[in-house]
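Residue numbers (this note's numbering), protein chains in the order written: chain E, 1 to 365; chain G, 1 to 351.
Everything labelled a hint here was simulated from the structure, so no lab data went into it.
All of these numbers come straight from a predicted model, not from anything done at the bench.
Beta carbons: idealized from backbone N, C-alpha and C, even for Gly.
Hints may contain errors.
If you only want the chain E side, here are some residues facing chain G, beta carbon under 10 Å, derived [to be verified]:
no., residue
1, Glu63
2, Val201
3, Trp309
Derived Cβ-Cβ restraints for the label pairs, each shown as a range [unchecked claim]:
no., chain 1, residue 1, chain 2, residue 2, range
4, G, Glu349, E, Asp282, 39 to 47 Å
5, G, Leu29, E, Ser97, 52 to 60 Å
6, G, Asp154, E, Ile101, 51 to 59 Å
7, G, Asp107, E, Ser294, 19 to 27 Å
8, E, Gly219, G, Pro114, 45 to 53 Å
9, E, Gly47, G, Asp107, 46 to 54 Å
10, G, Asp107, E, Leu78, 25 to 33 Å
Covered by chain G, per the in silico footprint, the following chain E stretches (three or more residues, Cβ under 8 Å) [to be verified]:
no., region
11, 35 to 42
12, 150 to 157
13, 167 to 173
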Amino acid sequence: MSHRADKGGEGVNAPEALLSVQGLQKHFPVTKGLLKRQIGAVRAVDGVSFDVRQGETLGLVGESGCGKSTTGRLVTRLMEPTAGKIFFEGHDITHMSQSKIRPLRRDIQMIFQDPYSSLNPRHTVGAIVGAPFRIQGVQTEQGTKKAVQEILELVGLNPEHYNRYPHEFSGGQRQRIGIARTLALKPKMIIADEPVSALDVSIQAQVVNLLEDLQNELGLTYVIVAHDLSVIRHISDRVAVMYLGKIVELADRKSLYDSPMHPYTNALLSAVPIPDPARRKDRERIRLQGDVPSPLNPPPACRFHTRCWKAQVICKTEEPPLAELAPGHQVACHFPENVEQATAPAAAKVAQNVEEALHPKKPVV
Amino acid sequence: MTTGSASPAPGSFLELRDLRIHFPTEDGLVKSVDGLSFKLDRGKTLGIVGESGSGKSVTSLGILGLHKGGRAKISGEIWLDGEELVGASQDHVRTLRGKKMAMIFQDPLSSMHPFYTVGKQIIEAYRIHHNVSKAVARKHAIDMLGRVGIPQPDRRVDSYPHEFSGGMRQRAMIAMALSCDPELLIADEPTTALDVTVQAQILDLMLDLQREFNSALIVITHDLGVVAELSDEILVMYGGKCIEYGTADDIFYRPEHPYTWGLLGSMPRLDREPTERLMPIKGTPPSLINVPSGCAFNPRCPYRERTGGKATTEVPQLLETEGGHLVRCHLPREERRAIWENEIKPMMEVQ
Ligand SMILES: Nc1ncnc2c1ncn2[C@@H]1O[C@H](COP(=O)(O)OP(=O)(O)OP(=O)(O)O)[C@@H](O)[C@H]1O
Ligand SMILES: Nc1ncnc2c1ncn2[C@@H]1O[C@H](COP(=O)(O)OP(=O)(O)O)[C@@H](O)[C@H]1O
Ligand code: SF4
Ligand code: SF4
Ligand SMILES: [Mg+2]
Ligand SMILES: [Mg+2]
Numbered sequence: 001m002s003h004r005a006d007k008g009g010e011g012v013n014a015p016e017a018l019l020s021v022q023g024l025q026k027h028f029p030v031t032k033g034l035l036k037r038q039i040g041a042v043r044a045v046d047g048v049s050f051d052v053r054q055g056e057t058l059g060l061v062g063e064s065g066c067g068k069s070t071t072g073r074l075v076t077r078l079m080e081p082t083a084g085k086i087f088f089e090g091h092d093i094t095h096m097s098q099s100k101i102r103p104l105r106r107d108i109q110m111i112f113q114d115p116y117s118s119l120n121p122r123h124t125v126g127a128i129v130g131a132p133f134r135i136q137g138v139q140t141e142q143g144t145k146k147a148v149q150e151i152l153e154l155v156g157l158n159p160e161h162y163n164r165y166p167h168e169f170s171g172g173q174r175q176r177i178g179i180a181r182t183l184a185l186k187p188k189m190i191i192a193d194e195p196v197s198a199l200d201v202s203i204q205a206q207v208v209n210l211l212e213d214l215q216n217e218l219g220l221t222y223v224i225v226a227h228d229l230s231v232i233r234h235i236s237d238r239v240a241v242m243y244l245g246k247i248v249e250l251a252d253r254k255s256l257y258d259s260p261m262h263p264y265t266n267a268l269l270s271a272v273p274i275p276d277p278a279r280r281k282d283r284e285r286i287r288l289q290g291d292v293p294s295p296l297n298p299p300p301a302c303r304f305h306t307r308c309w310k311a312q313v314i315c316k317t318e319e320p321p322l323a324e325l326a327p328g329h330q331v332a333c334h335f336p337e338n339v340e341q342a343t344a345p346a347a348a349k350v351a352q353n354v355e356e357a358l359h360p361k362k363p364v365v
Numbered sequence: 001m002t003t004g005s006a007s008p009a010p011g012s013f014l015e016l017r018d019l020r021i022h023f024p025t026e027d028g029l030v031k032s033v034d035g036l037s038f039k040l041d042r043g044k045t046l047g048i049v050g051e052s053g054s055g056k057s058v059t060s061l062g063i064l065g066l067h068k069g070g071r072a073k074i075s076g077e078i079w080l081d082g083e084e085l086v087g088a089s090q091d092h093v094r095t096l097r098g099k100k101m102a103m104i105f106q107d108p109l110s111s112m113h114p115f116y117t118v119g120k121q122i123i124e125a126y127r128i129h130h131n132v133s134k135a136v137a138r139k140h141a142i143d144m145l146g147r148v149g150i151p152q153p154d155r156r157v158d159s160y161p162h163e164f165s166g167g168m169r170q171r172a173m174i175a176m177a178l179s180c181d182p183e184l185l186i187a188d189e190p191t192t193a194l195d196v197t198v199q200a201q202i203l204d205l206m207l208d209l210q211r212e213f214n215s216a217l218i219v220i221t222h223d224l225g226v227v228a229e230l231s232d233e234i235l236v237m238y239g240g241k242c243i244e245y246g247t248a249d250d251i252f253y254r255p256e257h258p259y260t261w262g263l264l265g266s267m268p269r270l271d272r273e274p275t276e277r278l279m280p281i282k283g284t285p286p287s288l289i290n291v292p293s294g295c296a297f298n299p300r301c302p303y304r305e306r307t308g309g310k311a312t313t314e315v316p317q318l319l320e321t322e323g324g325h326l327v328r329c330h331l332p333r334e335e336r337r338a339i340w341e342n343e344i345k346p347m348m349e350v351q
């Protein structure tokens, strides 16, 4: 971070933020007929703000369709935002031109969920991982091979596999190839979209450990998108919970999991199956009703009010702002949980919230 | 094989004896299921866990007789309520599907016809086994949709599968599978494609319905959390074989197979303080064409050197360690217990 230009403005946050996202929006128009008349918009990401500090891992969780992948794509500039700002190392990169953005594309890299479709089946591992070197044209063929083999070794692949094709590898190995390709660009930041969800449990653990090792060795900064709350807790320093295009809670890992404040976060955590048969009898879950509403027509004000057991009239009329209710703990809710006691152990907390969920005040639907 | 030549009918509602399902392919013989035996009573739930390709789905399709008439080579015995099914005719087994046994698939779209309404599909399934009018069957379909938590079932009965969300489709498929009160229900990765909050709804629903009908339930999954929530007994599969079998307590509190330890160590858990590091299993699952000789797990097993060379030469037997808990490993029982107590368990608890 040598050349931080202080672009100032009231939005730019604490100096250690490598990435700062402010009020980010992405609306996909929904059109109809020959004239492509716009009849609505999918509000996939609808006003999201967060910072990612140098060297940390920010986890992004939420249910299918809540806008996690879209957020990742916006930040890597694979997609133009509808509104909002993205700062990287203090520079506003929101609408940076293609030519100016090229070096930046190296700095922020993306790893995708599907280790099958994201690798070109007709290229060898050497060609795939070495492409960035060739594009930069900085090295000889011998030099490229050596550099690629070093990276293969770094991600736990056999350097002898240089001339093999993707289909000759298992899912976990393919994910390693994807990671190797990403590392070849020497990025500062990696956005990983569901990097382990297509993998078997034993392989998932291998890749999670690899990501952690690489972060320690290379000082990488991560944004990891996943729907698995256990994986996110394991790997993240801070966690943002999304619901229908918005961040509803953002906190460091310990406070988020030990004293979740947003009712949705409480419901998510209580829904995770616990691999302990003894816990099954005494365990009661918050049963959310129904499915996530459509992002085409999200509920007004608090978007969670159609499924929230604490909802009051105000939840339907006034949007709760994302506010810092404890140090470093932001939540968007009119009636948050666990506000006073931000330290007690997780199980007791969730249990207490479940208690409330089971004897609810009448939900306002 | 005919029923007459098989060994006597078992006391259990469902019993598999040495079931083998092999597929001849161009690359060689795929031994998808290779000598699987277990029993299951009414009102009980068996969880089958294992990584992809370990033979879980082939087993469930085999029990339902869905490999019959294909190229699969099937041997062994499947006893369902006193009747042997491996030797039974394809036509006969077809009459048992729906009423006697039914299945919930991972992908609801693949088992529902896209061109017919959800209601029509439940009505047809119901009328195969019940001689009732369309109107009566329709009322039953609406009832079932309501029972599985579909809102406004009298309206949604006329929807097409694609008009439902993933969670609703899964519920509609459960309604279809349960419409004839099957005595055996097999759920193959029933919640893998769903979000946690919907998964929780579906798991609750399956438990409630099972209690109500006293059916035997087999839940197949790679998610140890899901099996822990549902199962009385758990069967761990690796390379087409059962490598450990026991009560849920056996598998979670005193597992004895190195592969089971590996699965438990690979999984981050919300119910414990976070560990510094996960403990993955090295390597990758075996190909079922070239299953490693001896113990199929040996190339990935950290303890293979401790079995006096037998790990690579001799297939270990599935033997009882204590009280119905079965383990397939050459390590002596005392040594396995010592490794679990002194090495594995402490590492998983604190770091
Ligand atoms: N190109 C597009 N055109 C229209 N709508 C889109 C487009 N891409 C995404 N969406 C919609 O935007 C919303 C958010 O999608 P996104 O892919 O970000 O979800 P996600 O949180 O990553 O979900 P998942 O966990 O299923 O991957 C969804 O409703 C999705 O259908
Ligand atoms: N029809 C088939 N022909 C050949 N091989 C098959 C067939 N069906 C399944 N297999 C193989 O059998 C093995 C077990 O598959 P399956 O039971 O689907 O695994 P899972 O445990 O993931 O459900 C896999 O190696 C698979 O490729
Ligand atoms: S603002 Fe109201 S509806 Fe929204 S989460 Fe909080 S209590 Fe529930
Ligand atoms: S038999 Fe040997 S290789 Fe197989 S699980 Fe036991 S110790 Fe490991
Ligand atoms: Mg996504
Ligand atoms: Mg399967």
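- Message: Taking beta carbons only, do three or more residues of the region 35 to 42 of chain E come closer than 8 Å to chain G?
- Response: Per the Cβ count (0), the hint is violated.
- Message: Under 10 Å is the threshold here; is the Cβ of Glu63 (chain E) close enough to any Cβ of chain G for the hint to stand?
- Response: Check passed: Cβ of Glu63 (chain E) comes within 4 Å of chain G, closer than 10 Å.
- Query: Given as covered by chain G, does the region 150 to 157 of chain E meet the bar of three residues or more with CB within less than 8 Å?
  - Reply: Three-residue rule not met by the region 150 to 157 of chain E, so violated; n is 0.
- Item | Distance restraint hint 46 to 54 Å, applied to the beta-carbon atoms of Gly47 (chain E) and Asp107 (chain G) | violated, 35 Å
- Query: When you take the CB atoms of Leu29 (chain G) and Ser97 (chain E), is the distance between them in 52 to 60 Å?
  - Reply: holds, 59 Å
- Does the Cβ distance between Glu349 (chain G) and Asp282 (chain E) fall inside 39 to 47 Å? For Asp282 (chain E) against Glu349 (chain G), whose Cβ atoms are near 20 Å apart, the range 39 to 47 Å is violated.
- Supplied distance hint 45 to 53 Å, evaluated on CB atoms of Gly219 (chain E) and Pro114 (chain G): With Cβ atoms ~51 Å apart, the hint holds.
- Message: Can you tell me whether the CB distance of Asp154 (chain G) to Ile101 (chain E) sits inside 51 to 59 Å?
- Response: Once the Cβ atoms are compared, 55 Å apart, the range 51 to 59 Å for Ile101 (chain E) and Asp154 (chain G) holds.
- Task: Please test the hint of 19 to 27 Å on the beta carbon pair from Asp107 (chain G) and Ser294 (chain E).
- Result: At 22 Å between Cβs, range holds.
- Task: Mind taking a look at whether chain G covers the region 167 to 173 of chain E? Criterion is 3 or more residues with CB to CB distance under 8 Å.
- Result: holds (count 3)
- Can the hint on Val201 (chain E) be confirmed by a CB-to-CB distance to chain G that is less than 10 Å? For Val201 (chain E), the interface hint holds, since the closest Cβ of chain G sits about 5 Å away, which is under 10 Å.
- Message: Please check whether Trp309 (chain E) passes as an interface residue: C-beta within 10 Å of a C-beta belonging to chain G.
- Response: Status violated, d = 13 Å.
Consistency with the previously given hints fails for numbers 3, 4, 9, 11 and 12, ordered from lowest to highest.
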